[in-house]
Amino acid sequence: MAQKVIGAGPIEPSLGLVERVLDRSIAEKIKGCIQCGTCSASCPTAYAMDYTPRWIIAALRAGQWERVLKSNTPWLCASCYYCTVRCPSGIEFTDLMYALKRLAIERGIYPKGSPVLYQAFTSTVDRYGRSAEMELMARYYLRTLNPWGLIKMAPMGLKMLLKGRLPLLPHKIEGQKDMAKMLEYMRERGGK
Amino acid sequence: MAYTYYPGCSQEVSNRAYNLSTRAVAKALDMELVELNDWNCCGTSPSYSVRELPTFVLGARNLALAERQAGASDLVTICNGCFAMLEKTNLRLKESDLSRSVGEVLGVAGLEYKGSVRVRHFLEVLVNDVGEGLIRERASLPLEGLKVAPYYGCQFSRPEGRYDDLEFPTALDRLLSWIGAEVVDYPLKAQCCGGLLMTTKEEVALKLVRDLLALAQKRGARCIATICPLCQLNLEAYQERVKARFGADFSIPILYFTQLLGLSLGLERKALGLGTELVSATGILAPYLSVASREV
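Chains as they are written, first to last, in this note's numbering: chain A, 1 to 192; chain B, 1001 to 1296.
No lab work stands behind these hints, which were simulated from the structure alone.
No false leads were mixed into what you were given.
Going by beta-carbon spacing under 7 Å, a handful of chain B positions derived as facing chain A:
id: 1; residue: N1040
id: 2; residue: A1109
id: 3; residue: T1200
We put the CB at the ideal spot given by N, CA and C, even for glycine.
If we strip away everything but chain B, and leave its shape as in the complex, we get:
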């Protein structure tokens, strides 16, 4: 299975563990992820808040490059923001007026987009394409007894709901159960982490994060599995500010779902970027590290 891979800006440095673990997991599952050559910003929410046409041009350049690189193909993202914005661009480009405007601008750079690329999220690719059978078979070190809160955030299943339920997605729950983890019931799983508001309206976003952390703790989760880098950062990096603001003391590791999957596949912790988390997961993951990892 070959896919064009779109890592997204924040995976280059601040969330590089997500990028690393995604590549490692894909390799272990015989998937071919070919990085999109010279990809640019997806268009993203803050850009869409300022200007419309240039935002769609940003997205369309990626789609055009993907089409040129791999023809009619799947463009796989690991960031919910990238996923939603590239999908929005792809859908909106089916409107003739916008498509004409964007096409004209792309032409200036010698690019063209015919509309044959499909935008996918790595989570649903694993669940839908790779599937339960192979994942169970390869998960030689199941995460038995590890209680995990599955957190999807907003823009995986909304607004389109193409690959999962709009309000109660289940792909991550299923994947985690295939690798032996104990998935806790987490009704806030598709609620908002505050996104960009963490920078512009911190008070408001901190409250959302507090609620998410509090429920995970209440349900006995030892960690939260995320599928989006911004969710990861908001939930992890702001735990101390939540404490300062609300007096609620949390110390919950926030892991990328690919890191948990990777451990179950027997991959080494370094290859999964473990150790780069701000709230250490070393303690809770100790029983699940491969022998090779333990010696490192």
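Bound-form chain A, shown alone:
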């Protein structure tokens, strides 16, 4: 199966530093960055990032991908796509952020705890075929060892409960067995 997916694959020394870790189409595109900073100026969360989007591209082009992965930047992307639609060089920066998150998980290099919610999400979807919000939150706060987070959420949770808006039981799709088969098939073939 063609497995040339973003962020996948072993390090190939014959390639440039960026191409070693990122999908070639993204690596090609970021070469076209003119460092204008429109992405950083458009980003609603850039102020909280270790490195702004413009900086991230500069760092990747300099081969400093480990430094990039150690930063909080990918985990502060809310996926609003302003950077993507405004980039004069056509760089799909939001998709680059997704690719960096996947790469970070694959290599195990990220600020502590960053992917927990995302991973808890995929495991609930794998189990039911749909999102299971309560289980997701329970897993999240359990894994981040953050009972305070749960307590903080309690007043809101109670309100939601009283309005009949708390999804107490997950919904499992009928095709769950097929879904499991597909996941297994991908796992066997190294799909991520």
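Here the structure of chain A is known, so what remains is to put chain B in place on it, guided by the hints.
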């Protein structure tokens, strides 16, 4: 007009009022929404952050089921996240490598996707397909004098911009004006609510929500109309935490646009899921309830 309907996970319980009001509005406008049988998670942003191929397989299963159920057809979503991810999947599946990989995996479940489904958002379906004429005609109880901030969030017009302007969408402004509401100028209308960051980086998301609420209040809006369940939840459920963090006291009802449309169509409040909001809209909506609703 028949459409395949994809409610999305959060519409089952936590945002069920969105699902209810969508179905009620569609019926009142003679649209046929047929729910996609056994739909699954759209693939969604957190999944895409963890793994690529399985994310597209999730999306593709929905597209394949829709094709099997209704042939070349429109798959209508009401969640911006579902809309953007299903559309991304649909576009990416035009790439031969990915399409081959996904097709091979779908085959394991006896499914196939030929690529004939169109992904739509209910807002633009109303504006583009149902249209101004019929909506004005059916809006027998116009929301005259109700000041509404139209809020689109991110993933309706971005990244593709297929149905509206990338940065200054207008579909919701137009729809609200057709039903008599007073649409306030709301320049942050396509800015971000923080999305999932509300759980992982609360400080950052609260600031975004604070800015959105503050501008709506400043512009005199009595409520904010949303087109996305996550935007709705972030803007509504976190008003108290915004207060705790910034000392800014807001009490702004955050309604699904379908609820406002439904009221103007004369539908009863229960049928629109009104009353399930955390910031009560009873006061601001009292003048617009149908006679039947008032008696309930």
